[in-house]
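Asker: Chain residues, written in single-letter form:
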Amino acid sequence: MSAENAIPAPENPAATDELIRFDNVTKRFGKNTVLDNLCFSVKPGKHVTLIGPSGSGKTTILRLLMTLMKPEEGTIHVNGQQLYPTQGEKQLREIRKNIGMVFQQFNLFPNMTVLRNITEAPVRVLGLSKDEAEQRARDLLDLVGLGDRCDAKPTQLSGGQQQRVAIARALAMRPQVLLLDEVTSALDPELVAGVLDVLRDIARTTDITMLCVTHEMNFARDISDDVLMFDSGRVIESGPPEKIFGDPEHERTREFLGAVL
Amino acid sequence: MNGNWDWSAVADFMPRFWDGVLLTLQVLALGSLLSFSLGLVWAFGLRSASRFVRWPVNVVTEFIRNTPLLVQLFFLFFVLPEWGVQFSALTTGTVAIGLHYSTYTAQVYKAGIDAVPVGQWEAATALSLPAHRTWFAVILPQAIRRIVPALGNYVVSMLKDTPLLAGISVLEMLQQARLESASTFQYTEPLTVVGVAFILIAYPASLLLRALERRLVR
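Chains as they are written, first to last, in the UniProt record's numbering: chain A, 1 to 261; chain B, 1 to 218.
Bound-form chain B, shown alone (with noise of 0.2 Å):
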């Protein structure tokens, strides 16, 4: 490499590039939504009055969190086919980072909910509220007003963890790079345009984040 920037290679890679984006953001999209809702069943899990649900579900959860993505990754591509399962790159991607997530967000939920004063429960229980009234009217959103900017960093680190995907060779935004790059064998160009493109989303989403707690968390 000599180090002059092409700008013609820049243009070549834009379609590739868009394919990228759009998929990346897929998975973005619904990893988070995944991440979202299995994480408030692990916290559900996490609450429970039974030692019979809370421990496997602390197991799990721990054994997901403290593991690397990429292991995961692997392990869900290359061995699970062994035993017959077997999706493609694109939905393993989805599901092993919105199983990731969802123990970050589990813990998230769990602290939303418990910092829920007391007093909240028991106004519920004079009340006579069933179960599932104390929690989706009562509980949750009090619970949800306060994680918001939390669940809302999780997406920001999901966004900065789908290069990993390329690892299964997913066609997000890294991987289009990478492929351009070994047909022109020019590396500059794409994975400078990939690297923009990441703080082109990530900041203002965070901007936006920011805007939303002093929103919310008042």
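Isolated chain A (complex conformation) (with noise of 0.2 Å):
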């Protein structure tokens, strides 16, 4: 889009080399501080998680990047381009077309058919054809192993197809960026292992850089190039996954991974 050259550079240009930059970033809910000065940048293509106990902000900040609230004070780059403090509506939507989301209770859209849940935002955002639309669809619900499903709605579906299907909708917008939300917490036990196998699969077979908030401890180790380990909105420790799941530093993280695992 020819409006793209027009939005100013930012004054700080974040690193090349780093797709998501958060500097001194404060989230407040009333008294209640969520996030309390957090750095912290990712590097494309990487596998980042998220882990600490719940109310320490790791969901705040995957609705931040997605835009669903905004931050008190502080600054996040995405891809060099400032998405807070807000540089307008327009290049807001700018910055979240290369972002996805799945979310925890999986927000289809029930009045939609499979298909049309995955086509609609392809087709009325990036103005692809409907027929482009549905052969991306179609090759999706076959990678999640939906392939048969398209014309069933949503409320026909186990809940661990339905988080398959969110995460075919997600990825049919080719984001650059894919944020999970705790996506198997809502899910019965037995249904976990398949979503988990797919975002596993996706993890290896492309380039996309995926921030992950889950309490699923193995998963997070097979997947992550990076885990962060929060507590009452800080990063109190990160590596890779080996050093925090092997020989965590922080008293915190010990005690945490203790209870969890």
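Don't read these hints as lab results, they were simulated from the structure.
Nothing here was measured: the structure is a model prediction, and the numbers come from that model.
It is possible that some hints are incorrect.
List time: in silico DSSO-like cross-link candidates among lysine-lysine, alpha-carbon distance up to 30 Å [stated by the list, open to error]:
1. A:Lys70 with A:Lys31
2. A:Lys70 with B:Lys160
3. A:Lys90 with A:Lys46
4. A:Lys153 with A:Lys130
5. B:Lys110 with A:Lys90
6. A:Lys43 with A:Lys70
7. A:Lys243 with A:Lys46
8. A:Lys97 with A:Lys70
9. B:Lys110 with A:Lys153
Derived contacts from chain B toward chain A, CB cut-off under 10 Å, selection only [claimed, not checked]:
10. Phe74
11. Ala115
12. Thr125
13. Pro130
14. Pro141
15. Pro149
16. Lys160
17. Ala197
Note that beta-carbon positions come from the ideal geometry of N, C-alpha and C, so glycine has one too.
Need the complex rebuilt from these two chains, each delivered in its own frame; the hints are there to steer you.
Answerer: Here is the structure:
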């Protein structure tokens, strides 16, 4: 789009090898500080898992990136473009297109078929033809093992199937970044493995950048390049999974892992 | 009146009666259409992010909702012409009833929209859907499913309010019965016929709504 050229470069451009960058980000709900002066960055193609006790601000990070909420302080860059403080709705929309999100509660559109759920945004936002979008949707449904459920309504599917459709729906937009917000937490235990297998597959076969909030530690160990341990709105420890799970430095990390593993 | 039922009076009333039925149904259809569309506009206004929209819409709809329809009818029919705005009795009546009921349907729409889970909005944002697609492809189809029964109840209500239009001499069912009685001095038959006609329209409509409710709200 020609308008892109008109957007001024950020004053302090993030280093080009960083896809996501948080600088001194603070998010409060009333008196409760959920993110406290948070700084971290993610390189393109990396799979980063956020772990830590509930209420430690992990999900908030994903919701900020998805523009579902705003931080009180600090700056967030995506792809060198400044997301917050906002530089207008137009730039927000541009950045948002590069980010996809899968929710804990799936959030499929119940009034649409599985196929329409996946084609709606590519047709309306990316301007794909109906045929192109449906082809892409069918390929993705094959990928998540639901190639035969195109015409089903979401309510006719199990939770695990719905979540796999939601993954396909997010991928249909070909985002650079995929945000996974406790995607197996609402599922019956026997359905968790199917969803995680799909995600492992995607992590292995694509160069998509993943930010993943999860309580599935084995999954985190398998797919992560980096693990960030959160507590009280701060990253208290980070590193490759072997380090965090094998030899954590911080006492809080040891306590947390001891409780969940 | 001696209480004797006169079938010939019923037969004499029929031509006028059918004219009245047609006009009542016409007012009902157009009034419903107006109340459904205008109500949606109010509902958008009531949910607007700007209080400079929300506040005036709230004042206007509360005002209309909390004043009697008959007063509004008289005002539109007798007072507006003094300011040079004049419509036929039928147009005035249809607009008045549609406007009055739009303030009820606005509340219904608003409740229906509020009942759509916030996750649906978030999913639409995450997919970058433009605002109009979010509304018309995602939110409203889900909201309207829930509120069809409530909207239908207001249509039945509106039907039962159409006799108010007799007050400004619209030739709907009741006014036809009054004219008939005024010329024959037989009140029993025309008024009874009209009463029965209301029940014959309203009760099946209610049953239909209940069936619709079972189908839609699962």
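Asker: None of the hints should be skipped; say for each whether it holds.
Answerer: Here is how each hint holds up against the structure:
1. A:Lys70 with A:Lys31: holds, 16 Å
2. A:Lys70 with B:Lys160: violated, 50 Å
3. A:Lys90 with A:Lys46: At roughly 27 Å apart (the allowed maximum being 30 Å), A:Lys46 and A:Lys90 satisfy the hint.
4. A:Lys153 with A:Lys130: Cα-Cα ~19 Å, so holds.
5. B:Lys110 with A:Lys90: Roughly 28 Å between the alpha carbons, so the hint for B:Lys110 and A:Lys90 holds.
6. A:Lys43 with A:Lys70: Measuring from Cα to Cα gives roughly 22 Å; hence the hint holds.
7. A:Lys243 with A:Lys46: This hinted pair holds, its Cα atoms lying about 17 Å apart.
8. A:Lys97 with A:Lys70: holds, 17 Å
9. B:Lys110 with A:Lys153: It holds: about 26 Å lies between the C-alpha atoms, which stays within 30 Å.
10. Phe74: For B:Phe74, the interface hint is violated, since the closest Cβ of chain A sits about 43 Å away, which is over 10 Å.
11. Ala115: This interface hint is violated because 13 Å lies over the 10 Å limit.
12. Thr125: holds, 6 Å
13. Pro130: holds, 7 Å
14. Pro141: holds, 4 Å
15. Pro149: violated, 17 Å
16. Lys160: violated, 33 Å
17. Ala197: With a minimum Cβ separation of about 38 Å from chain A (threshold 10 Å), the hint on B:Ala197 is violated.
Going down the numbered hints, you'll see the structure goes against 2, 10, 11, 15, 16 and 17, while the others check out.
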